[in-house]
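With the hints as constraints, model all of the structure from the sequences given.
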Amino acid sequence: MRYDKYKPTDIPWLPEMPEGWKSRKMKYLFWERSDKGHPEEPSLCSTQAYGVIPQSLYENRVVETSKSGLAFQKLVQVGDFVISLRAFQGGIEIAHYRGIISAAYTILEPYESRYAQYFKWLFKSQPFIGLLKTCVTGIREGQNINYQILSRKQIPIPPLLEQQAIVAYLGEKCGKIDEAVKAKKREVELLEEMRESVIAEAVKPKRGWETYTLANCVSLVKNKNTNMQEKNLLSLSYGNIIRKNIDEAKGLKPNSYDGYNIIERGDIVLRLTDLQNDQKSLRVGQAKERGIVTSAYVSLRPMMNYNAEFLNYVIKTFDYVKGFYNMGSGIRQSLTFNDIKQLRFAFPDFATQGNIVRTINEKCGKIDEVIKAKKREVELLEELKQSLIAETVTGQRKVA
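In our numbering, the protein residues as written are 1 to 400.
Think of the hints as simulated: they come from the structure by calculation, not from any bench. Where hints are given, some of them may not hold.
The list that follows gives simulated cross-link-like pairs (lysine-lysine, BS3-like), each with its CA atoms no further than 30 Å apart [claimed, not checked]: (1) K25 <-> K5; (2) K322 <-> K366; (3) K184 <-> K363; (4) K316 <-> K204; (5) K375 <-> K288; (6) K27 <-> K398; (7) K133 <-> K120; (8) K185 <-> K372; (9) K36 <-> K25; (10) K182 <-> K385; (11) K244 <-> K280; (12) K322 <-> K280; (13) K398 <-> K120; (14) K185 <-> K120; (15) K5 <-> K153; (16) K36 <-> K120; (17) K341 <-> K204; (18) K375 <-> K322; (19) K133 <-> K173; (20) K341 <-> K222; (21) K244 <-> K372; (22) K375 <-> K176; (23) K185 <-> K363; (24) K341 <-> K224; (25) K253 <-> K224; (26) K153 <-> K36; (27) K120 <-> K25; (28) K206 <-> K341.
If you want it as structure tokens, here you go:
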């Protein structure tokens, strides 16, 4: 339901807003704080999923600051808003804890704390994120929000009672959506575990199978992409080899792709780096097409007398039980082919390998279809949530 009356605005991304609402420039709503010299405070990190929280509570890896550098970090108070270097991708985050954070971030304290909860929703809405993208300076990895530009931008301010109604409404509705998303994601996890179980059971050694070292089954691929003869950029993602646009690839880009390895369809790619800090990722994938991958990957080509897909499933099963992590224990962060080439795996005859692969593909294909459908349901729920937030914080949906 929309409001009864609207009025035009001077806000480019919000042509109209309810008649009783106002708009103000951000510099009149926030004070920028740069308070340093508190090395005793806990280190915080800005996350798009949880807001600003202690590094100790964040499950992903973060770059830790040296003790000597802590004194130069900025103090953050509960209720502050933090503009991180990636804010133009996911919005401005609210701080749920007191602590210190990177000096490269901008810390904003609301002049009126009673507006903070409304701002929390507004700053995560897609219309506002679109505004942030107009305030970006720098290129590629050096991009960040220029607050001098942002501070002059206007944002909508509903009356306080309507703010409270908006916050309560979004808290309830989005809370239910989040619960539904959580349940769907859990279903996906269980299906993925089922998929892994199907593969592991199928390739489990049986009587009559013979064991061979990995070195007997594969050759190490070292085919450099000299003179950029191949431009099909591939990457390992969630246990699959996916295609990436070489011109739009995110992350740190190399000066040249000449040092990348050319791989062929059927080659098996392993990411054996960062073993101690990342213990969740799937590290094995099989190429479906010719392309190039970073030389940081270990690329293997199955011998002719081994079924390439069977071998891929065998190595994946070793990955499922976190075998590579155990090999990288202690201070070792990565492995090379020499470190894994003596691993022993069991194989039936070539014909049986093919039969097992067909059985796995048939069973897992059905599971994958269900996973795909569940992930689409998650996407639709998240789209619904974003639409709900955007319409409500901009006054296009009345809740009071």
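Consistency of the hints with the structure:
no. : hint          : verdict
1   : K25 <-> K5    : 23 Å, holds
2   : K322 <-> K366 : 25 Å, holds
3   : K184 <-> K363 : 21 Å, holds
4   : K316 <-> K204 : 12 Å, holds
5   : K375 <-> K288 : 22 Å, holds
6   : K27 <-> K398  : 27 Å, holds
7   : K133 <-> K120 : 18 Å, holds
8   : K185 <-> K372 : 11 Å, holds
9   : K36 <-> K25   : 27 Å, holds
10  : K182 <-> K385 : 13 Å, holds
11  : K244 <-> K280 : 22 Å, holds
12  : K322 <-> K280 : 9 Å, holds
13  : K398 <-> K120 : 18 Å, holds
14  : K185 <-> K120 : 25 Å, holds
15  : K5 <-> K153   : 24 Å, holds
16  : K36 <-> K120  : 24 Å, holds
17  : K341 <-> K204 : 20 Å, holds
18  : K375 <-> K322 : 25 Å, holds
19  : K133 <-> K173 : 27 Å, holds
20  : K341 <-> K222 : 16 Å, holds
21  : K244 <-> K372 : 20 Å, holds
22  : K375 <-> K176 : 18 Å, holds
23  : K185 <-> K363 : 21 Å, holds
24  : K341 <-> K224 : 21 Å, holds
25  : K253 <-> K224 : 17 Å, holds
26  : K153 <-> K36  : 27 Å, holds
27  : K120 <-> K25  : 17 Å, holds
28  : K206 <-> K341 : 22 Å, holds
Consistency with the previously given hints is maintained throughout, with no hint failing.
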